[in-house]
Amino acid sequence: MVQVVSLEEAISKVQNGMTIMVGGFIGCGAPDQLLDAVSQKGIKELTLIANDTGILGDAMSQLIVKRCVSKLIATHIGTNKETGRQMTEGELEVKLVPQGTLVEQIRAAGAGLGGILTPTGIGTIVEEGKQKFVANGTEYLLELPLGANVALLKAYKADKAGNLVYHRAARNFNPIMAMAVDFVIAQVDQIVEVGEIDPDEVMTPGIFIDYLVQKQPREVSDVG
Amino acid sequence: MVQVVSLEEAISKVQNGMTIMVGGFIGCGAPDQLLDAVSQKGIKELTLIANDTGILGDAMSQLIVKRCVSKLIATHIGTNKETGRQMTEGELEVKLVPQGTLVEQIRAAGAGLGGILTPTGIGTIVEEGKQKFVANGTEYLLELPLGANVALLKAYKADKAGNLVYHRAARNFNPIMAMAVDFVIAQVDQIVEVGEIDPDEVMTPGIFIDYLVQKQPREVSDVG
Amino acid sequence: MLDKEARMEWLVNRVAQEFKSGDVVNLGIGIPTKVANALPEGIKLILQSENGYLGVGPAPETGKEDPDTVNAGGQYATILPGGCCFDSAMSFAIIRGGHVDATVLGALQVDEEGNLANWMIPGKIVPGMGGAMDLVVGARRVIVAMEHTAKNGGLKVLKKCTLPLTASKQVNLIITDMGVMEVTSKGLILRELAPGVSFEEVQACTEASLIRQE
Amino acid sequence: MLDKEARMEWLVNRVAQEFKSGDVVNLGIGIPTKVANALPEGIKLILQSENGYLGVGPAPETGKEDPDTVNAGGQYATILPGGCCFDSAMSFAIIRGGHVDATVLGALQVDEEGNLANWMIPGKIVPGMGGAMDLVVGARRVIVAMEHTAKNGGLKVLKKCTLPLTASKQVNLIITDMGVMEVTSKGLILRELAPGVSFEEVQACTEASLIRQE
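Residue numbers (our numbering), protein chains in the order written: chain E, 1 to 224; chain S, 1001 to 1224; chain X, 2001 to 2214; chain C, 3001 to 3214.
Among these hints, one or two may not hold up.
What the hints assert, rightly or not - Derived list of chain S stretches under chain E, where covered just means 3 residues or more per stretch with a C-beta under 8 Å from a C-beta of chain E:
1) 1106-1117
2) 1129-1139
What the hints assert, rightly or not - No farther apart than 20 Å at their CA atoms in a straight line, the calculated lysine-lysine pairs in the PhoX-like style are these:
3) LYS130(E) <-> LYS1132(S)
4) LYS2124(X) <-> LYS1095(S)
5) LYS1132(S) <-> LYS2169(X)
If you're looking for bench data, these hints aren't it; they were derived computationally from the structure.
Using N, Cα and C, we set each Cβ at its ideal position, and we do this for glycine too.
With the hints as extra help, turn the sequences into a complete structure.
Quick look at the structure:
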């Protein structure tokens, strides 16, 4: 059952050593206030699964800067130099995955599939250590499901049953990650009553969501 | 580029011997007028991929009754006795597939995947002739992609760029089939101008659609 | 022993005890469907329809039928506030991915290993498996709800299913008009008897050896 | 030979000739992005942004930026009428499934077999492949648009790529500030020369043996 909780209560579900997924694409669609709370609390040794590690200075990037993460699975780290530095120095283990493969691996975990065959990565270092198949003359890599303990997501609107609606390009990985983890925490701009979102408008069914956190207005000190 | 065409022009794309996909679930979400046109035109030797063959008497069922179909790939045929009869008499080749497998096979074709691993069917006759894999102690079947020449779909609303919106449970297989074929024909209740559907409301991107056919009001003779 | 009708009512009510509020449940056609109307006071389930929505509500009033809102049996249905619609890929991601807490299905045969046969009788009925194979593999709990024996008196709770299987070793609980049996690694434990039914009476109608509840 | 700036302008305009109206195109960051502004009169493309929408429009006016509408480079963008949004799974189903007519990308190296290296330099730059590997495998046509040689004068059109590949044998066309080369089973055919550039000048800047257009 979905609960609307405080930021503090939500973040109590994220513990040292967990594997977490975070929605967003270079910050767009990333749950900034949940991320701020995680990095400020000083949670450590996380395995982070995300498209990228944000832009140096944003909420996502602080997970890396504040050294919350010991292992990263991502598609691109070029927009956060600190990630590259920690990787080069051997402080952070980084696994780079093609974006279309990452999203299918997450989807496979959520959909109960044992894996998917993709042509992406054939003939590149991505194929190292992976099983290959040939079908109709095309080579494919077997990519395995990728789940996590907790997902931190962002949505534009939720009802109290947890049904989520995203806005524009902020959707990206959020709906897929919602399916693939044990516990889902969604930061939402707006929480409405059950019945106020049309069934056809829902992008993530409420059954996937555990905690909803209402996004807080920025404090005055932030604006000045 | 999407074209709004007449029923006749649309159906000229369906030819004897083709493999076609048809959206819908026991008639709900099935493109009744496209189906009527196909069966009335007497197209033959089709391979039909669909969830079911409708309820005896409806537009979907007529594809079977009028013997347009020589091979059927479906999940359930219990609501159309004629399908069972033709199968038993050896007049129709029928392959029954679990519903979750069928939709993933179609999705795989549309998404460029070489196949998916599913636990469904393990220990049953569904596993016959298929490759098996064990991952983390669970057995999976490798299921291969399933595409087609043409898809006949139904939507509630389209804009002239082909973007589709479905209504309630009529969505079902339609959006998945839209991705998996060479040519997509969609019967729609309502066609609006480009820009009249919000980008977040679109359920099937217009790039998948080739022909739009406006659903015609029922003739008076049908009502009386 | 109660009469047949009363025993069937007991069965439906007994299945309805198996849930807690908020459970996501898929009810098969027939006896399982009746469970929705027999839930204890205060228990609200989220019913899933495999054709593509959550929040299945009661049948619509006459005149208010929506041809786009039908259940997995093809009958007119409604969607409750808080419900949502999706495509078949999402529907079966929900089912196969373990997001359905329980499914309740009928059976032609079920056995002491938890094997289930409910989709075909070779040479007779071949309706197809529809979504049943995915439901039985994917749902967290699989509850078989059925009459204990076939109309012709044939046994249905067997040592080993003889009909083509729907899924292998996935059934958790069997609830019939005679009692409640749990599938365990030791075999079928008879957890509960229908009113007025004795252990010996159930065993007489069951091929599998039942284990007495301790 | 034209000066550098004019040659780069020629390059961008030349890439823009490769499309017909309605083509679904994904433009990489940098030189490829400029192609959107150089399309011939009457040619309208449907641009895809791999973070999740179709119908990428021009940058928004100042003050009208929407933080939820950014392109794959993370910059503010707009969505044209007729555009639509979706999740990353759909975005890459579109890309991997062959529904993108063409992608235009930059390269660190490209070779006569159509191999492409554009995502890392071991020990130096390891930004990650992002969506590039899927785009190069999935798009129907892969067009490399880049300066013919590296800033330090190093060759980029090679017999065999030496950097880690983005994809194997997927490039169809290479358009540089010196000319247009098609990847064929025989090798690279030089289809066109930039204004004032000779075959010999291009060959001198190219490790692969170029084949003269017949």
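Consistency of the hints with the structure:
no.	hint	verdict
1	1106-1117	holds (count 8)
2	1129-1139	holds (count 3)
3	LYS130(E) <-> LYS1132(S)	holds (17 Å)
4	LYS2124(X) <-> LYS1095(S)	holds (16 Å)
5	LYS1132(S) <-> LYS2169(X)	holds (18 Å)
No hint from the list above goes unmet by this structure.
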